[in-house]
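Build out the structure end to end from the sequences listed, making use of the hints.
The listed protein sequences derive, respectively, from chains P and H. For the first sequence, position 276 (counting from the first letter as 1) is numbered 276 according to the numbering used here, and the numbering increases by one without interruption. For the second sequence, position 88 (counting from the first letter as 1) is numbered 1088 according to the numbering used here, and the numbering increases by one without interruption.
Where hints are given, some of them may not hold.
[Said to hold, decoys possible] To list a few chain P residues with every Cβ distance to chain H over 12 Å, as calculated:
hint, residue
1, TYR76
2, ALA99
3, SER173
[Said to hold, decoys possible] Footprint (simulated), chain H over chain P, 3 or more residues, beta carbon under 8 Å:
hint, stretch
4, 109 to 120
5, 249 to 255
Hints in this document: simulated from the structure, not taken from any laboratory. C-beta atoms are modelled at their ideal positions from N, C-alpha and C, and glycine is treated no differently.
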Amino acid sequence: MTPSGSPAHLARRAGTGTGWWGRKRTRQAALILCFLLPSLAIFLLYRVIPLGWNAILSFQSWSPMRPPRWVGFEHYEEMLFYDDIFWTALWNTLIWIGAAPVAIILALGIALLVNSDLKGASVYRTIVFLSYPLMTVAVGIIWRWMYDERGGFINWALRIAGIIDRPLGFLQSFDLAMASVIVTDIWQVIGFYMIILLTGLQQIPQHLYEAARVDGVPRHAVFLYVTLPMLRPSLFLCAVIGLLNSFTSFDLVYVMTNGGPGHATELLITYIYKLGFGQTKFDYAAAVTVVQFLLLLALTFLANRLAGGNAGAVEKD
Amino acid sequence: MRRGFPWARHAVLIVVSAIMLLPFYWVFKTAITNENIYAFPPRLLPQDPHPYNFVDVWYLIPFPRYLLNSVIVSVMAVIGNVVLNAMAAYALTQNFRAKKLVVLLLLSCMLIPFQATIIPAYLITARIGLLNTYLGLALPLLSTIVCIFIYKAAFEAVPRSLVEAARMDGLSEWRIIAHVLLPLSRPAIATNVILAFIWSWNSFMWPLIVTRDANMQTLPLGLARFLSYMEDTTGALYAFVCMVLAPGILVFLMAQSAFIRGLTHGATKG
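So, in structure tokens, the structure goes:
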């Protein structure tokens, strides 16, 4: 079907003839709409509408059989003034986020070591990155076994080294459980931070280093005044991932401790899950979700300001 | 960074690598032995290795069923992303009036982590009757904003004259995408496939909420369920872990650079 000679086609090709032009534009618009529609529908259904509904739900009393009833700030009052678990979970979430800089600094160290003409650097890179794309549930189970009192490697190594003489129940201890889960989390994500920082390092123009060497700038000064400032977009990206990680860590905590012992490792996200799907308090869970979402937005904004407000650099990559 | 002592750097990196690899070894060792795991000290090397734990996992728990469910959901997610994202990205390369608004909407949606919307997302899924169905499991994963932008960047890199020429020749928009843009955007397709696969394959919280019965559970759910049944008492659990991880590790090692590129592109998805 090639109507190359037909007048209609010629008109369309030339872009003249208002009738054709008009119809073509309508068709084009309809097509664009059709192309966008499936994706937009999914985002509306699973991002935009839920976000709005979640906010509404947090001001309502919800139960499966009755129509919802407005209760104003009741849930927020209960949460902020009477709910100790909420405060524990909030505090734990902040600790979780606070651990991200530790991971990022470690990852920066590894990235600097790997970013060189060192033989076998790519092998190290692969090994460090390997744990990141794996299923978090499986990673949690692996580390439960590593921490195990009898069969676990860590207890064995500590006992052989004479650091402890009785096995420690890392995940059963109120003092150690949080740190233990965070170590596992760092173990899984550190390779990802490393790759991001490595990409950032490789984008730093070599002539800056050349110039610094010619001027006899000491190495620590080069790091402070050339490398770190140039890495700012990558560091910001790592920080944002660290923030989101406090949401996405549900899998790990669920499998390793389920928030226990007591609520020692309860994060806001695990608490939300328990409230919503354990106790069917969807309304109250929605209020906690609002708090966590606002916390995340505020911290992202803060990180953006600290990075010099160039969050756009992330999109560009 | 070019100076310094290579052996010192090797030493540090070898220690780091050992820390990264040891947990895998430890689990694998337990999976292929029948040692009494309540005995102390644990053995460092596997004694009398055998494959029976793996056989047990295959036959005694519905491993094939979990695998099938995982594969179905992941295939749906991959096809959804490859097709729907390409369509949306193509639309975004065109000029239309509300384009800025759409881009803004997409960018702000990226700020909303899926986990922050699970409660209404569950209620919506329940209302449209998709709880405990494959479509319900896959639907939120069918299109991803980051991947749309990855496609868009790839499409924009295709010379405009090529697209114009195709249009002159009377190719429909569908064909322009399928026969001109997509063949020139292979890396973007690879990124879409990889990211969609990883996100759906590893996805745990959503299936946990949406599935009702064991027949619909995916691998991570099966793993978590097995954990609560067996409470660490058997090497079968660790055999299960190995069987779940092995395909992922193999695929990763084979397509490493595409993986890394894809994941750094999709960074903000988390």
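Cross-check of the supplied hints:
No Cβ of chain H comes within 12 Å of the Cβ of P:TYR76; the nearest lies about 16 Å off, and the non-interface call holds. Against chain H, the non-interface label of P:ALA99 holds: every CB pair exceeds 12 Å, the least being about 16 Å. Look at P:SER173: its CB is around 17 Å from the nearest CB on chain H, clear of 12 Å, so calling it non-interface holds up. Using a Cβ-Cβ cut-off of 8 Å, 10 residues of the stretch 109 to 120 of chain P lie near chain H, which meets the minimum of three, so the contact claim holds.
Against chain H, the stretch 249 to 255 of chain P contributes 4 residues with a C-beta closer than 8 Å to a partner C-beta. That satisfies the three-residue criterion, and the hint holds.
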